[in-house]
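Residues per chain, in single letters:
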Amino acid sequence: SQQGEEDPQALSIQEGENATMNCSYKTSINNLQWYRQNSGRGLVHLILIRSNEREKHSGRLRVTLDTSKKSSSLLITASRAADTASYFCATFDNYGQNFVFGPGTRLSVLP
Amino acid sequence: ETGVTQSPTHLIKTRGQQVTLRCSSQSGHNTVSWYQQALGQGPQFIFQYYREEENGRGNFPPRFSGLQFPNYSSELNVNALELDDSALYLCASTPGQYHYNEQFFGPGTRLTVL
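Those protein sequence lines, which keep their order, are chains A and B. Going letter by letter, the first sequence gives residues 1 to 111 in our numbering. Going letter by letter, the second sequence gives residues 1001 to 1114 in our numbering.
So that you can see chain A by itself, here it is in the shape it has in the complex (with noise of 0.2 Å):
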């Protein structure tokens, strides 16, 4: 099974809502990773946030991070249209040389 789940799978918010995506793990982890993707391209990296830190923000972007639950969170403030593809979570555990993407969660921002 995945190291990364993500919650919900699939997100429809209306533009100029939040959008809060969430994400768990299984191991010990370095660092947990946010990417995006669009229709079926490749993934732009969004953010990295270290397993000594709790919280980080880049633009309307904050994400959040629990060790002791194993768990982070992808905060989308002021959603707009484009904001409209799939988000990914990724970790790099600290035993594997192995990098896990979660499934994803579908996010659909309307006009």
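Some clues are possibly wrong.
Unchecked claim - Calculated cross-link-like contacts (lysine to any residue; reagent style SDA-like; alpha-carbon spacing at most 20 Å):
(1) A:K69 with A:N22
(2) A:K26 with A:I49
(3) A:K56 with B:E1102
(4) A:K26 with A:S71
(5) A:K26 with B:G1058
(6) A:K56 with A:G42
(7) A:K26 with A:T64
(8) B:K1013 with B:L1081
(9) B:K1013 with B:L1088
(10) A:K26 with B:N1059
(11) A:K56 with A:N98
(12) A:K56 with B:N1101
(13) A:K70 with A:P103
(14) A:K26 with B:Q1041
(15) A:K26 with B:A1087
(16) A:K26 with B:Q1044
(17) A:K69 with A:S28
(18) A:K26 with A:S58
(19) A:K69 with A:E53
(20) B:K1013 with B:A1087
(21) A:K69 with A:P8
To be verified - A few chain B residues that face chain A, going by a derived Cβ cut-off under 7 Å, partial list only:
(22) Q1041
(23) G1042
(24) F1045
(25) D1084
(26) F1105
(27) G1106
(28) G1108
Claimed, not checked - Label pairs and their calculated CB-CB ranges:
(29) B:H1010 with A:P8: 39 to 47 Å
(30) B:N1079 with A:G16: 47 to 55 Å
(31) B:E1054 with A:R50: 22 to 30 Å
(32) A:T77 with B:Q1017: 47 to 55 Å
(33) A:L61 with B:T1020: 34 to 42 Å
(34) B:L1011 with A:Q14: 36 to 44 Å
Because the hints were derived from the structure by calculation, they are not lab data. Ideal placement from N, C-alpha and C gives every residue a C-beta, glycine not left out.
Since the structure of chain A is already known, use the hints to place chain B on it.
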């Protein structure tokens, strides 16, 4: 500075054939990773190369193999293609040996196996 490029964009093969996909890493990046992404799924890690040596492998059979060249470009080879190999294949490069930093992804190669 050029980004990660992949070729070809699309490819159609028949079951049992062999395929080679190519990736050119971002300048200055000495680590490249390959991923398989089935429709509607997250990318699955195939393997990673660092300075021309395999440096980590996911749960893929030996018929998935790779190479990294001195200029850090890379190839993914898949032998004895199966229908389930139909997917988007992504390569990503990063500086340094492990995934301690962000990865830069190419646009992918869409492989269809008939």
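To see whether the hints hold, each was checked on the structure:
{"no.": "1", "hint": "A:K69 with A:N22", "in the structure": "holds, 12 Å"}
{"no.": "2", "hint": "A:K26 with A:I49", "in the structure": "holds, 16 Å"}
{"no.": "3", "hint": "A:K56 with B:E1102", "in the structure": "holds, 15 Å"}
{"no.": "4", "hint": "A:K26 with A:S71", "in the structure": "holds, 9 Å"}
{"no.": "5", "hint": "A:K26 with B:G1058", "in the structure": "holds, 16 Å"}
{"no.": "6", "hint": "A:K56 with A:G42", "in the structure": "violated, 24 Å"}
{"no.": "7", "hint": "A:K26 with A:T64", "in the structure": "holds, 16 Å"}
{"no.": "8", "hint": "B:K1013 with B:L1081", "in the structure": "holds, 8 Å"}
{"no.": "9", "hint": "B:K1013 with B:L1088", "in the structure": "holds, 14 Å"}
{"no.": "10", "hint": "A:K26 with B:N1059", "in the structure": "holds, 17 Å"}
{"no.": "11", "hint": "A:K56 with A:N98", "in the structure": "violated, 24 Å"}
{"no.": "12", "hint": "A:K56 with B:N1101", "in the structure": "holds, 15 Å"}
{"no.": "13", "hint": "A:K70 with A:P103", "in the structure": "holds, 17 Å"}
{"no.": "14", "hint": "A:K26 with B:Q1041", "in the structure": "holds, 19 Å"}
{"no.": "15", "hint": "A:K26 with B:A1087", "in the structure": "violated, 26 Å"}
{"no.": "16", "hint": "A:K26 with B:Q1044", "in the structure": "holds, 16 Å"}
{"no.": "17", "hint": "A:K69 with A:S28", "in the structure": "holds, 11 Å"}
{"no.": "18", "hint": "A:K26 with A:S58", "in the structure": "violated, 26 Å"}
{"no.": "19", "hint": "A:K69 with A:E53", "in the structure": "holds, 14 Å"}
{"no.": "20", "hint": "B:K1013 with B:A1087", "in the structure": "holds, 12 Å"}
{"no.": "21", "hint": "A:K69 with A:P8", "in the structure": "holds, 17 Å"}
{"no.": "22", "hint": "Q1041", "in the structure": "holds, 6 Å"}
{"no.": "23", "hint": "G1042", "in the structure": "holds, 4 Å"}
{"no.": "24", "hint": "F1045", "in the structure": "holds, 5 Å"}
{"no.": "25", "hint": "D1084", "in the structure": "violated, 17 Å"}
{"no.": "26", "hint": "F1105", "in the structure": "holds, 4 Å"}
{"no.": "27", "hint": "G1106", "in the structure": "holds, 6 Å"}
{"no.": "28", "hint": "G1108", "in the structure": "holds, 6 Å"}
{"no.": "29", "hint": "B:H1010 with A:P8: 39 to 47 Å", "in the structure": "violated, 31 Å"}
{"no.": "30", "hint": "B:N1079 with A:G16: 47 to 55 Å", "in the structure": "holds, 51 Å"}
{"no.": "31", "hint": "B:E1054 with A:R50: 22 to 30 Å", "in the structure": "holds, 26 Å"}
{"no.": "32", "hint": "A:T77 with B:Q1017: 47 to 55 Å", "in the structure": "holds, 48 Å"}
{"no.": "33", "hint": "A:L61 with B:T1020: 34 to 42 Å", "in the structure": "holds, 37 Å"}
{"no.": "34", "hint": "B:L1011 with A:Q14: 36 to 44 Å", "in the structure": "holds, 39 Å"}
In terms of the numbered hints stated before, the structure departs from hints 6, 11, 15, 18, 25, 29, listed from lowest to highest.
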